[in-house]
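S.K.: Count the sequence shown with this note's numbering and you get residues 1 to 764, in order.
Keeping only pairs whose Cα atoms sit at most 20 Å apart, straight-line, the calculated EDC-like set for lysine to aspartate or glutamate is:
#1 Lys-468 to Glu-510
#2 Lys-252 to Asp-184
#3 Lys-468 to Glu-408
#4 Lys-173 to Glu-135
#5 Lys-698 to Glu-745
#6 Lys-632 to Glu-594
In short, the hints are calculated from the structure, not lab data.
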Amino acid sequence: MSKEAFDLSYQELCDAHNKLEQYTKRLEEYDILIQDEYKFQQTFQKLMSRCSRLGSWESAELTEQYLTLVLNSKLRVASRYNTTGEKKDMKISPSRQMFTLAMDAWASVERYQVTSRQKKLGRNVTLVPVMRSKEILDFMWEEYHQKKDINMKPDVIHYTTGLQSMANASSKKAVQMAQNLLKDAERRCGLTEFLQGSQDLSCLDPNLVPDRATYNTLLYCLSKYHKCRDDIQGRSHSAQYVMGLMKETMNKMQLIADKLNDDSWIPNTRSYNLLLMSCSHMPKGGGQEAEKILLEMIEKSTHLIDNSGKVILGNYDTIEDLEENVVLPNVKSFNNVINAWAHSESEEGAIRSIQILKHLIFESNDIDSDDTFKQPISKIIVPDTVTFNLVINAFSKSGLSNAGERAEEILNFMRDPSQENTKALSMGSSLKVPIDELNIFPDTITFNSTINAWSKDNSLRGASKAEKLLNQLIQDFENGGVHHPNSATFNAVINAWAVSGDSQCGSKAEKVFQKMKQFQTSHNIPNLEPTMACYNSLLAAYCSQCEHSGSIQSFESALEVLVRMEREGGFSPKTLHYNRIFSIPNKIHSQHEEKRFFILQKTKSILNEMCQLSTSRTTFAPDVFTFNHMIKACYGYEDEYRNREALFHLIDIYNMLCDSESCEPIDQIYINMLRTLQNILVENTKDRALLCEEIFRKCCENGLLTNAVLKIIASLLPPPSLRRLESCQLVPSSKPLVISNLPSEWSANRNVGLNQRRNRKRRK
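Sequences are here, hints too, so could you generate the full structure?
M.R.: Below you can see the structure in the form of structure tokens.
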């Protein structure tokens with residue numbers, strides 16, 4: 001070959017495979033013996049190694065094809081000793097490294113590659129790379145037991161690679177598989193019996209005993225549990241339960257180290273960092289728990305730090321080598337603690353995050369009152385860009401009224417740690433690390449988090465500040481900067497305008513949306529096309545503008561966004577997008593009654609179309625929220641003509657609800673129907689009585705009768721009329737009309753709507 005294997009492209013690797021296949025067939029045809037099996041295997045291994053690192057679905061398949069080519073070949077090795085000790089020509093076999101590379105290729109498949117293949121095939125393929133790795137491992141065991149070929153026997157590297165494929169799958173089912181796979185390795189190598197005391201050290205298979213890397217891979221898998229797709233049956237585990245599993249794993253690592261008297265099994269810095277990562281998924285107390293773990297790490301590393309704050313390397317060459325073998329907190333450890341505080345989404349989380357940051361960069365004895373971060377280790381930790389980004393993120397989630405200002409202070413410090421910016425951030429403290437050693441530069445994530453912080457201000461000022469930061473990032477990039485805005489940046493600014501309360505928020509959001517498309521075209525930046533989230537934010541902006549002004553043009557623009565979403569973006573509008581449209585009439589001020597009524601008529605036509613198409617487009621089908629929005633839209637018209645027409649619309653909407661196959665009503669729908677009816681028909685008329693009886697009957701039929709419904713019915717009808725209702729004639733006149741005196745089936749499903757049922761299923 002003219003190139004080294006690691007330089008070959010996918011197409012060149014395909015060509016190499018075809019040539020090797022032809023070469024193998026010719027050797028088989030002429031029965032030519034392979035003189036040097038190792039050299040033959042090395043040729044395949046180099047090509048497979050390059051192929052496995054491409055990270056694509058196709059390259060993983062090609063890597064496996066290389067392995068299959070050797071497995072299926074009839075080539076023989078000259079003068080090889082067989083299992084009986086006889087010197088005999090034997091069939092060539094793959095090396096263990098080749099199996100490892102085939103498994104590694106599937107473990108390396110990028111997430112977007114899986115998503116792309118999923119869209120192409122129209123089915124879920126998340127677990128395919130995991131299953132392929134597992135099948136290769138099972139094949140090795142099967143071949144080993146049948147042929148007793150030592151090259152076919154899996155070792156700890158194969159199991160670690162299999163665990164890595166499961167960690168990369170982003171699937172809760174894969175996490176369960178990872179736990180079972182490790183148990184299988186422990187059983188096969190004799191470790192389970194050894195730890196139980198039923199076997200001695202001699203029973204262990206040294207090539208198969210899980211090592212620190214294996215256990216850390218399982219910890220990595222568990223740390224991602226709550227970010228994974230929920231594809232398991234039953235209820236997902238809580239964050240506390242997953243952390244318990246991780247601690248059990250780390251305790252087992254320590255037990256193995258003690259039993260074997262070998263420190264190479266003890267949990268290291270990576271083990272603890274993975275445990276810290278899982279703290280961010282705790283609904284409460286994640287920050288406090290992370291600090292406890294960090295303090296434990298600090299206590300374990302006190303003997304590694306001298307009085308001047310320098311690390312004692314001992315027999316290790318670098319700090320990285322030291323971290324691989326012992327527990328020594330690093331900047332990732334502190335970052336994970338800040339991240340745990342950020343996920344608490346509280347003022348305390350933001351305040352604690354900035355305290356930690358200040359301790360890492362400033363010389364001051366009064367920054368923090370406790371001793372957690374006054375340990376010698378904090379002297380050697382230098383914060384990086386991620387540290388600053390996480391603190392900004394903590395402010396964006398804090399709910400603080402000045403979150404945008406505080407976030408921008410940190411951004412300004414990163415851009416220019418001058419005396420002025422330092423003073424604003426540190427209250428006069430001096431930098432612990434020289435500016436030239438503080439290697440921090442704001443990136444796209446920095447700007448995104450700061451923009452998000454300003455967008456939470458829900459004001460014109462917040463939106464203006466967010467757009468100003470976007471323009472600043474664009475200008476930096478056009479002036480030669482490395483980082484450029486991505487789709488999340490533009491979406492954050494569009495969303496800032498959507499929630500700004502500005503009367504022209506839709507038009508201003510549209511300008512940002514168009515700026516995004518122009519920026520992508522002019523700079524030819526891949527993957528910068530508007531995402532579904534961008535269209536969602538733009539839709540919300542136009543809806544908000546329409547609600548403020550009652551503008552028909554804004555309403556038409558909102559509808560046009562749904563068309564553009566499908567035509568330009570390739571995203572099919574879902575029910576929730578139309579529900580945002582349907583919510584507009586409820587929020588338009590009464591001074592725009594004429595426009596509100598016009599929009600009611602338009603939305604009713606859309607609802608009618610949805611009901612007709614819902615059988616063929618399930619994502620388009622109206623739901624409970626759809627009908628609730630539309631029922632409320634018929635409420636509160638002062639003009640007599642519009643008020644009467646609203647009644648007809650209400651009846652039509654009610655009939656659509658009764659005929660709908662996609663919507664399962666809840667009691668709140670009937671309450672809203674009766675309240676709207678009460679508002680429209682003020683006087684007690686025959687029409688009102690008939691409508692009340694129909695709604696009451698349907699409510700009882702569906703088992704959704706509540707005391708709230710009875711109360712509204714009683715206010716709409718005088719007691720004699722209420723008693724004459726067919727549904728209530730079963731109740732003796734001496735008894736009050738309450739739920740307890742009515743048939744139980746009338747209220748069997750009350751307060752059990754879609755969300756409540758979903759929650760009940762989860763609890764079961």
